[in-house]
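Could you put the whole structure together from the sequences, leaning on the hints where they help?
Going down the list, the protein sequences come from chains A and B. The numbers in the working numbering rise by one with no breaks, and the one at position 1 of the first sequence is 2. The numbers in the working numbering rise by one with no breaks, and the one at position 42 of the second sequence is 55.
Just so you know, these hints were derived from the structure itself, not from any lab. Check before you lean on any hint, since a few could be wrong.
The calculated lysine-lysine pairs, modelled on DSS-like cross-linking and capped at a C-alpha distance of 27 Å, are [said to hold, decoys possible]:
hint, chain 1, residue 1, chain 2, residue 2
1, A, K42, B, K113
2, A, K67, A, K56
3, A, K15, A, K42
4, B, K62, B, K81
5, B, K113, A, K67
6, A, K56, A, K42
7, A, K56, B, K113
8, A, K21, A, K65
9, A, K21, A, K42
10, A, K67, A, K15
11, B, K62, B, K74
12, B, K81, A, K21
13, B, K113, B, K62
14, A, K65, B, K113
15, B, K62, A, K42
16, A, K15, A, K65
17, A, K56, A, K21
18, B, K81, B, K113
19, B, K74, A, K42
20, A, K67, A, K21
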Amino acid sequence: GAVVSQHPSRVICKSGTSVKIECRSLDFQATTMFWYRQFPKQSLMLMATSNEGSKATYEQGVEKDKFLINHASLTLSTLTVTSAHPEDSSFYICSARPPTGGDTEAFFGQGTRLTVV
Amino acid sequence: AQSVTQPDIHITVSEGASLELRCNYSYGATPYLFWYVQSPGQGLQLLLKYFSGDTLVQGIKGFEAEFKRSQSSFNLRKPSVHWSDAAEYFCAVLPRGFQKLVFGTGTRLLVSP
Numbered sequence: 002g003a004v005v006s007q008h009p010s011r012v013i014c015k016s017g018t019s020v021k022i023e024c025r026s027l028d029f030q031a032t033t034m035f036w037y038r039q040f041p042k043q044s045l046m047l048m049a050t051s052n053e054g055s056k057a058t059y060e061q062g063v064e065k066d067k068f069l070i071n072h073a074s075l076t077l078s079t080l081t082v083t084s085a086h087p088e089d090s091s092f093y094i095c096s097a098r099p100p101t102g103g104d105t106e107a108f109f110g111q112g113t114r115l116t117v118v
Numbered sequence: 014a015q016s017v018t019q020p021d022i023h024i025t026v027s028e029g030a031s032l033e034l035r036c037n038y039s040y041g042a043t044p045y046l047f048w049y050v051q052s053p054g055q056g057l058q059l060l061l062k063y064f065s066g067d068t069l070v071q072g073i074k075g076f077e078a079e080f081k082r083s084q085s086s087f088n089l090r091k092p093s094v095h096w097s098d099a100a101e102y103f104c105a106v107l108p109r110g111f112q113k114l115v116f117g118t119g120t121r122l123l124v125s126p
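So, in structure tokens, the structure goes:
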């Protein structure tokens with residue numbers, strides 16, 4: 002199946018700094034990618050839809066100025082957590098679907114464990 | 014309201030016993046249906062999917078799921094559980110014509126010796 006690669010898998014940063022997480026589709030072009038956040042022992046919460054060449058669409062309650070999304074190419078989307086605070090510590094996962102119509106599943110990255118200290 | 018329900022938060026099964034994880038959805042038209050598995054600290058891996066056709070779907074790792082339109086269900090089954098199956102299982106739906114997956118709350122499977 003298709004491969005979505007996410008980097009880094011783990012990151013620790015100091016409070017107040019910014020962290021960038023990359024999501025790449027390795028063998029297909031993705032005009033749309035999705036960013037999720039997952040709290041411990043909970044389900045995935047969609048944060049935003051990343052659209053190549055245009056602004057991301059954020060879900061209600063997600064601060065777009067804190068979670069900056071850039072989708073500059075058909076294979077790369079980035080999520081930047083700005084001015085990180087301990088409450089931003091979480092597991093972040095991206096996904097993408099190959100653009101072959103409706104009958105395709107979403108492929109997920111390996112996830113990024115962010116710890117803000 | 015549109016939703017995906019996994020009524021079991023935790024399930025414990027003895028190794029070698031059979032397994033059934035429940036998933037119910039509430040949508041006007043039958044959406045695309047998926048089961049994903051997540052090991053601790055990892056991303057999600059697709060077990061199986063239903064788009065149309067045969068309502069009994071075979072997946073990887075010996076899993077299968079049956080779509081029942083009358084019950085709006087897509088339950089996941091495995092005849093004999095292995096210790097390595099211990100993980101979090103998510104049912105997800107993709108409403109037709111939409112791009113956003115909707116996830117259930119997940120079921121944590123524990124496998125006892």
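Structure-based check of each hint:
no.	hint	in the structure
1	A:K42 <-> B:K113	holds, 22 Å
2	A:K67 <-> A:K56	holds, 15 Å
3	A:K15 <-> A:K42	holds, 24 Å
4	B:K62 <-> B:K81	holds, 14 Å
5	B:K113 <-> A:K67	holds, 22 Å
6	A:K56 <-> A:K42	violated, 31 Å
7	A:K56 <-> B:K113	holds, 17 Å
8	A:K21 <-> A:K65	holds, 14 Å
9	A:K21 <-> A:K42	holds, 24 Å
10	A:K67 <-> A:K15	holds, 15 Å
11	B:K62 <-> B:K74	holds, 14 Å
12	B:K81 <-> A:K21	violated, 43 Å
13	B:K113 <-> B:K62	holds, 15 Å
14	A:K65 <-> B:K113	holds, 18 Å
15	B:K62 <-> A:K42	holds, 24 Å
16	A:K15 <-> A:K65	holds, 21 Å
17	A:K56 <-> A:K21	holds, 17 Å
18	B:K81 <-> B:K113	holds, 23 Å
19	B:K74 <-> A:K42	holds, 23 Å
20	A:K67 <-> A:K21	holds, 12 Å
In this structure, the earlier hints numbered 6, 12 are contradicted, and the remaining ones agree with it.
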